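Asks: Here is how the chains run, residue by residue.
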Amino acid sequence: KQQDQERPRMESKEAAAAAQAEEDLLRDFERILHDDPLIDEVGFLHPTQFHSLLVDSTDKSTSQYFWCVDHKLAVSSSILPDLYRAARRAHSNATLNPSSSPSASDAALIMTHSKALLILCADLLTAWNSRKMVLSTNFNLSHLKDELRLCALILSYSPKNESTWSHRRWVIKNLAQHLQDMPELIDKESLLVKDMAEKSKMNYRAWRHRCWLIPYMKTKQVLDELNKSKKWAELHVADNCSFHYRRSLLLALLDGAANREDSLICQSEAYLMWKEELRWNETLIRRYQGRESLWNHRRFLSQWWVQHLLSCEETSLSNESLADLFLSQEIHLLSDCLGAPGDEFGETRVQVELAALYILWISEATSSFTNPS
Amino acid sequence: MKITALVVLKPSAGGAGGSSSSGGQGSEALVLANATDVSHFGFFQRGAAREFIVFVARTVAQRTQPGQRQSVQHEEYKVHSHNRNGLCVVAFMDDHYPVRSAFSLLNKVLDEYQKAFGDAWKAATADSTQEWPFLMEALTKFQDPAEADKLTKIQRDLDETKIILHKTIENVLQRGERLDSLVEKSSDLSAASQFISKLQRALSFSLHIV
Chain V
1 KQQDQERPRM ESKEAAAAAQ AEEDLLRDFE RILHDDPLID EVGFLHPTQF
51 HSLLVDSTDK STSQYFWCVD HKLAVSSSIL PDLYRAARRA HSNATLNPSS
101 SPSASDAALI MTHSKALLIL CADLLTAWNS RKMVLSTNFN LSHLKDELRL
151 CALILSYSPK NESTWSHRRW VIKNLAQHLQ DMPELIDKES LLVKDMAEKS
201 KMNYRAWRHR CWLIPYMKTK QVLDELNKSK KWAELHVADN CSFHYRRSLL
251 LALLDGAANR EDSLICQSEA YLMWKEELRW NETLIRRYQG RESLWNHRRF
301 LSQWWVQHLL SCEETSLSNE SLADLFLSQE IHLLSDCLGA PGDEFGETRV
351 QVELAALYIL WISEATSSFT NPS
Chain R
1 MKITALVVLK PSAGGAGGSS SSGGQGSEAL VLANATDVSH FGFFQRGAAR
51 EFIVFVARTV AQRTQPGQRQ SVQHEEYKVH SHNRNGLCVV AFMDDHYPVR
101 SAFSLLNKVL DEYQKAFGDA WKAATADSTQ EWPFLMEALT KFQDPAEADK
151 LTKIQRDLDE TKIILHKTIE NVLQRGERLD SLVEKSSDLS AASQFISKLQ
201 RALSFSLHIV
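So the sequence lines, in the order shown, correspond to chains V and R. For the first sequence, the residue numbers in the UniProt record's numbering are 1 to 373. For the second sequence, the residue numbers in the UniProt record's numbering are 1 to 210.
There's no promise every hint is true.
[To be verified] The list that follows gives simulated cross-link-like pairs (lysine to aspartate or glutamate, EDC-like), each with its CA atoms no further than 16 Å apart: (1) V:K199 <-> R:D37; (2) R:K2 <-> V:D239; (3) R:K2 <-> V:D224; (4) V:K231 <-> R:D144; (5) V:K201 <-> R:D149; (6) V:K201 <-> R:D94; (7) V:K188 <-> V:D224; (8) R:K162 <-> V:D239.
[Claimed, not checked] If you only want the chain R side, here are some residues facing chain V, beta carbon under 10 Å, derived: (9) S39; (10) Y113; (11) A116; (12) P133; (13) P145; (14) A146; (15) R175; (16) A192; (17) F195.
Simulated from the structure, these hints should not be mistaken for laboratory data. Predicted, not measured: the structure shown is a model, and the values here were computed from it. No residue lacks a Cβ here, since even glycine has one placed at the ideal position from N, Cα and C.
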């Protein structure tokens, strides 16, 4: 009977020891995060890889599970489950009695524990929301900038994480209400997306974030962005997202032409941009065979262009149809594609298919403009 | 378009297959010059990435015969290799870099290497640690394939040369060779990198079953 009584006591002692070990891990983790607020990259390494990091390191750090040098943090994946459990527990305890105006010490605890938790698992919306609650109590510029840094840190290893991008937008909306120099902030965001896109291809969420910034831009910045993002798009012709971004910028120009005080400037800029974009797109189509994103972009450009030319003709005195002229140039492009010599990579064949589809599409689109039924 | 690496190598005369880079029967190609840009990898993956690049470059170069041009699809890279009279250049480019432009660049690298170092490479018996600034500059300059296209004076020459395509790196290997054993024997890959390689292959194997 005594043995029966002892067993649960032994088990609860073991459980208590395990919980203590987990809390120690969390404390170490949070201390490292606190000591270096400029950490910009985290890696979760398999113990084999982590071990070689420790061996190579000149600075014999005291922890056997964490390594932090030059703002780069490595965590051994062997302790992740324990660390996560501890962070989850700590965060739950801190948010037991949610308040719209927590005390300073409560707020600090929430922020510390949620930060640790989110770095381990960025999808926990509860954790993100607890941060929003604390940040909403009053406007604090440096705290909001810290928030941007935390998002950038998580994105460094989880570049497609929607919860993080979403939280980042919440922060920017807050900043927009109080900041004067939005253009600078937008510039930095655009640059961040560009760097992310370089490291993770076809990152729809990053590019969508960049598109989300467009309504905050004035005409001048829209034009700047078109110019600045051109080279990148040229060097990443398979990445449809960057062309989608350009389309959004061009549409913003058109919107400006319709709705804003500087509408005349917008309109003439839009016309010039469009013409240049068509020319540039053709150069790329000829250089990179069989790239669907280039042809998609051309459809978008041609559609508006043809409509624009047709509406010009209504007021024009000349007999020559500019729209017809444009279309015959497009057919010329098609025949060049058809005539290109075959290659063993099959790219010419794809190019021919895409060109043919494009011509079919545009002739249908044009006839629907001229004969709306 | 990304050029991740340009490597100049001297394939060993003894034929393919082997472990060390210090010559002898069944050895692998020697590295004469290496320019690598792994900045787009996460900080903690860069070391392993560099190691893999050297390993793949050696493996492909050793299996590119004199006069041969070949392109291998390896994950999201195309690895292009050209062996001209025993001197081999291997380039790691992303999937969308036009293949013909890639080989124009390889030609240029070979020309420049011979201009800079003459025939000294023929006597090489070990990896060279000599710096060659041109190679690193080329990585940046020729990111835009349009620059590489300017190099080809006579397009017809390049159009007529045959380029062998391989869908996987296993297809480059000789009969009886297995990538796993090459990985294990390679002195280029640290224990950690070998482990990662095994893990990757185990994962892709299980994906194929599904």
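Asks: Does each hint hold? Answer for all of them.
Replies: Hints and how they fare:
1. V:K199 <-> R:D37: Since the Cα atoms of K199 (chain V) and D37 (chain R) sit roughly 12 Å apart, the hinted pair holds (cutoff 16 Å).
2. R:K2 <-> V:D239: 13 Å, holds
3. R:K2 <-> V:D224: The given pair, whose Cα atoms are some 24 Å apart, is violated under the 16 Å limit.
4. V:K231 <-> R:D144: Answer holds: K231 (chain V) to D144 (chain R) is near 9 Å, not above 16 Å.
5. V:K201 <-> R:D149: 25 Å, violated
6. V:K201 <-> R:D94: It holds: about 11 Å lies between the C-alpha atoms, which stays within 16 Å.
7. V:K188 <-> V:D224: Holds, because 13 Å separates the two Cα atoms, which is no more than 16 Å.
8. R:K162 <-> V:D239: At roughly 29 Å apart (the allowed maximum being 16 Å), D239 (chain V) and K162 (chain R) break the hint.
9. S39: 9 Å, holds
10. Y113: At about 26 Å, which exceeds the 10 Å cut-off, the nearest Cβ of chain V leaves the hint on Y113 (chain R) violated.
11. A116: Violated - the Cβ of A116 (chain R) stays beyond 10 Å from chain V, reaching only about 28 Å at its closest.
12. P133: 23 Å, violated
13. P145: 7 Å, holds
14. A146: 7 Å, holds
15. R175: 24 Å, violated
16. A192: This interface hint holds because 4 Å falls under the 10 Å limit.
17. F195: 5 Å, holds
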